[in-house]
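J.: These are the residues of each chain, in order.
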Amino acid sequence: MTEQRIDLPQGTLDLLILRTLALGPEHGWAISKRIHQVSSKVLQVQQGSLYPALHRLERRGWIKARWGASDNNRRAKFYELTGAGRKQLETEKTEWKKLAAAIAQVLETA
Amino acid sequence: MRTDLWIRLRSLFRRKTVENELDAELRFHFDQHVKKLVESGVPIAEARRRARLEFGGLDQVKEECRDARGVRFFETLAQDVRFGFHMLRKSPGFAFVAVLTLALGIGANTAIFSLADQTLLRLLPVNHPEQLVVLQSPGPSGGRTTSDGGGTPFSYPLYKDLRDANPVFSGLLARYPVPVSVTAQAQTGLADGELVSGNYFDVLGVGPALGRVFNGADETAPGANPVAVLSYGYWARQFGSNPGILNTPLTVNGISLTVVGVSRAGFTGVQVGEAPDIFIPVTIKAEMTPNWDGLEDRRDHWLAILGRLKPGFDLRRAQAALQPVYHAILQSDVIITGTRMSAKTRAIYVDKKIILDPGEHGRMILQSDEEMPLAVLWTLAGIILLIATANLAGLLLARSEARQREMGVRLALGAGRARIVRQLLTEGFLITGMGAVAGLTLASAILRILANHLENGLGLRAFDPHLDLGMLVFGVALAIFTGLAFSLPPAIRSSHLNPQASLKGQGANASNRIPRVHFRKVLMTSQIALTTVLLSAAVLFVGTLRNLERVNLGLRTDHVIEFQIDPGLNRYSPAQTVALADRLRDSIAALPGVRSVSAAKLPVLEDWDEGGTIVVEGYVPHPGDHVDVRDNRVGPAYFATMGTPLISGREFTPNDRMGSQKVAVINQKLASLYFAGRNPLGLHIAQDLGNSPRPDIEIVGVVQDSKHSTVRGPVEPYAYFPYAQTPDLGSLAVYVRTNQEPASLAPALRNVVRQADPNLAMFKVRTLVEQVEENTFADRMLSAGSLCIGGLAALLAAIGLYGLMAYVVSRRTHEIGIRRAIGASRASIAWLILREVAWMSGAGLIIGLALAYSTGRLIESRLFGINPSSPFVFAAVAALIAGVVLAAGWLPTRKATRVDPMVALRYE
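Chains W and S, in that order, are what the protein sequence lines are.
Residues in the first sequence are numbered consecutively from 1, following this note's numbering.
Residues in the second sequence are numbered consecutively from 1001, following this note's numbering.
Just chain W, same shape as in the assembly (with noise of 0.2 Å):
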């Protein structure tokens, strides 16, 4: 409970998640496990905004879900990333970095 933790800004989470699918099928625990490792564990994502988001990025039909068996041989659901998805992360990812660099511009400059 002492690690360091940043609320999600609005809109960035469905972009994690379909990063962290890009790499390939994961079920939920999973992929809030790997967001928090590969942030450094700055990055907590809750459960409560997880499965939510991730129900909603399967409706909008960017990820697909299929149940399969986890490393310890339970039932879990797992998550992928569609050809819509694929397309949808790129789009994003390029928005987010122009965000980015204009907030770090005026960050800079102002």
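Hint data in this document are derived by calculation from the structure and do not stem from the laboratory.
Ideal Cβ positions, reconstructed from N, Cα and C, are used throughout, including at glycine.
Be a bit skeptical, because a hint or two may be false.
Stated by the list, open to error - If you only want the chain S side, here are some residues facing chain W, beta carbon under 7 Å, derived:
#1 GLU1025
#2 PHE1028
#3 HIS1029
#4 GLN1032
#5 VAL1061
#6 GLU1064
#7 CYS1065
#8 ALA1068
#9 ARG1069
Please arrange chain S on chain W, whose structure you already have, making use of the hints.
T.: Same frame as chain W, but now just chain S:
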């Protein structure tokens, strides 16, 4: 999009599975988390506790997942619908009236739309109907013209000339409708025949359902081609769709025709409102129209011609290209047709234009007589829908105000504005939905009555009274439109509420409440105006029907049953028809319960009318004037049977027959017009066929005036001649006066006719009372329809007014209390409230009367014995409105006068 829908639907219909999956997914996550904690050394119980804490509310997560999957849309809908039902159950009176009004509005509008759709809007079910044209050529004809009012008829030789020489049509067809007597399976019935050119089906592109249709080889020479094609409907109705009918003989008008095929399902000919039963080659016309051949006669004009334009021709170009060809044909035609024309008429004849009318909807007969009542009813139905919309909008607005607190609470608790709008819309559509269902049922019933009338009263067939897709779409579209129109404004208003203000009560809200009441008053005033229009229509039509029912027909309609026969179709000569009539009269007179029996050539009160010019002994008309009378051919004891009193002289007797002294009976009107001051008995008249004959028909009787063609028509000078002295008698209407219930005699009458000739078709068996009702059908329809609509409008106005006034009084209780406290009398308080009502209803009434006055002229031709601009009508309408207003305003006013100043001031 597809995934979206799939997921929503799966969530909705496989709810259990989806819920289980969600459960499993979240449990997995939870377990993984616990496992991780345990692996890092936390004791299992503590790990569970921590995981649960971190997880937050499991149900909340689930709810959000459901939301994300879009299940909410449907769940919310179900919730709103349930809640809407609950609200409606709480105010059943409101619900009942709202649904009833909508049902009436939607029902009447949909029924009339469907009729218009079937008569005016629908394309003929043939290949490329847009290429079809109807040929017209108004002008002098030079000979006999037989037209159904649907356009110019042409002679058969002229049709052939056009067909063989024209440069613009890929095909030209001709047709003529004719009733025929068909004997099949030992039963004889009347059927609608259609004489057609051999290429009829080819030109239309209509194929057979069975066997074959006609082709060019079925139109060879006059008298040849004894074949027939049955329509699909007739085949199904009359022969139970039995394919064995193919190549069997069918007796039509006494001659044998071979059935070669059945036309495609859905095809009902080219004439709007007609559905031929049997198609017959035009070459055997002589057999199909007894006593009239005229097939090869250029002076006999009877065929309707339709053509299919070659690709690339539009109406204008085709018309221009056809004109010289038509001109050349007329130039050779006039050699025969013009023998009796003046040189000037000949010139006009040869220069006649050929006009092409669009034929994509088929050929129309202008039924202006029937279109008008429909248009009127459609307008009234449209207005009631408008009123219903305004009324419901007002009521919902009122309810939305009453529910301000509820909405305020919802908004404060975080309900979205869209959510509030949605709920109010759902409630609105719930009402509309019920109204639409009831309305469509009603539409079907109305249409059935109309179709029945069109078939029995006008001989128009082919109307389908069942709900069809077009009707359904129209009805639903209407419902959606109305639903939006009346529920959107209050819904949007509610969503703009300021939750704080509405929770506090009135306070801050009072300022924006005044325009709202104002808006409702405007709605109310326009509602009263429209109600005034509807009520004056009701007064006019109900008055018209009342006047029509009190018309002295000059007949006694009770205890009379009638039927018709057409022996001419069965090749009876006029003499044989008279002999048959004599035999029938004798057998019917012998039946128990019969008081007297007679027959006439023209049935009465069935819109039949014949007449001509006569010469009256000792009467010299003014120069250029002539004596025009209507006439009928009747049998012995006709006047006794019909209950028309004889003024002087005698009735016809069996002794008045062919060869004996020619006799006539005249009515009072004829006697007073042309025998003024003279006793007509023993004087003579003659029919004038342009040869100024010597009057040789002796007048033997004078009878009281009576109506013949229609109930509403004027009494005309009328002459009766014995049918036995008529050279061209073909059909007869038989009238029987009974001692008993007249309808109960029908089976015995059928038996008598069957015994006289089993091949004789007997039709229109009905009582005279029914016939009179049929004759005033349009008036009864208008009277009942306008009364229903007007009554509902008045009820709606009363409810709306009551609601508004009750609201105003409750708003002003405080003010009234103060006024009472400082000494205002009850009367002045009553006036305070009534003044508003008076303003609204006075303004509405004046606007409405002005509208009614300016539109009254449009319906003048449908009225009888009542003047749309008479003060009596205005007074009656004003009284009705005043009644409505007083009834609605009484309770709220009374409440206002009973306000106790102490209570009112202590309140709040």
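J.: Going back to the hint list, which numbers does this structure go against?
T.: none
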